[in-house]
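Residue 229 in the numbering used here sits at position 243 of the sequence shown, and the numbers go up by one each step.
Note that these hints are calculated values from the structure, not bench results. Take these hints with a grain of salt, some might be off.
[Claimed, not checked] Below, simulated EDC-like cross-link-like pairs (lysine to aspartate or glutamate); rule was C-alpha separation at most 20 Å, straight line:
hint, residue 1, residue 2
1, LYS322, ASP237
2, LYS256, GLU89
3, LYS256, ASP290
4, LYS172, ASP152
5, LYS12, ASP103
6, LYS149, ASP181
7, LYS170, ASP332
8, LYS172, ASP208
9, LYS145, ASP114
10, LYS93, ASP369
11, LYS102, ASP237
12, LYS170, GLU326
13, LYS172, ASP351
14, LYS145, GLU155
15, LYS260, GLU295
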Amino acid sequence: MKRNRVGFLAVAVIGCATASAEGSVKITLDQAIQMALRHNHTLLAARTTVQQSHAQEISANLRPNPTAFVNWAYLPLYKPEDGYLSYLQNNTEGDMGLSYTIERGNKRFHRLQAAKDATDVARSQVADNERTTVAQVATLFINAQLADSTMELTEQNLKSFQKTVDIGETQFKGGAISENDYLKIKLQLLQFQTDDQQARLAKVQALSDLRQQLGYESVPVDYDVTGPFEYRPLLVTLPELQAAAMQNRPDLRAAAQGVTAAISQYGLAKANGKQDLSVSSNYSHTGGINALTFGWSVPLAVFDRNQGEIARTNYAITQAREQETALRGQVMTDVKDAYEALLTDDKIARFYESGYLEVSRRNRDISEYAYSRGATSLLDFLDAERSYRSTQLSYRQAIAAYMQAIEQLRQAIGVRSLP
């Protein structure tokens, strides 16, 4: 036991040292999701609704309290002629007793069942909140990856074009190009510098937004993300996805449980229409006579039989069923839309993978080589540079869109693992 503990501490120390040596702490998507499920404060607040509902079950299962009563009448405000004891014995009246309400219609059972059904709904709603939170974390994580990839691209572009500016300056000083051409090259550098700064800002903001979802205090301020940011083909079919969604979507489960809860509320309303019986026993001392009295009372259900609440809860059942039916259609629509978006983004990513990236790179390299030797015009070279930059940026955006389409599909079916 001690050896295992020492070994665990050693691994932890080495891990901390590695993270410190590498700089910022880096987290993967799976780690980010687990952090959010443990530390997201909005989600933690939502989970208390289940605990609150459990507490309502306790209240629903309680029986009515008995009522105790005591009274003593005709106490003297002066000293009686025959003395206090004799006066209290023969001239005052005292009563004490207990009363208890006996619930009819099996009210306690219906209250408890309605509370349990409400707890089931709350639990499924919290699970749906978790589904939404995971999807938000995944989207923000991919945004951070896109920003990081874009920042690497802009840094490379800036360094590469800075070499072009240096070559242009040398050519200008040597008389190989005009001052106007050199100034055009130098002005183009501004766009690369702007792109680099905007990419850095985008990454800072993406990490900041993601940190809020993870739980602000769960990661250090200088954390970063890591993981594959690439196109990975995914083979899924629409019928399988829709079947998985119908089985796993927690909001659909909550809607079905809402129907059950509405039926329980209807049963409780009917039970509340039954009139309760009150029984009591009373001991009385009056004028020296001791007596014991028993009694019962029940309201006469002539007017109020809880008709309005019974009718309302009956309509609420219809409402819950219609909401469930509507949500079933919405689930199928969500899966269909996410699936079609995935197919489209998959095709776009394949376009870039099929050779357009290599074409844009070769076009830029050839134009740069030709321009440096005076074989092409400055405008042609700058156009090739802009085309390369635009293609590379669009490719990264296409990868991010494809990865986010996968996450939207996971959100639509309600589970992380796709069939």
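Legend entry - Violated hints, by number in ascending order, as checked against the structure: 5, 7, 8, 9, 10, 12
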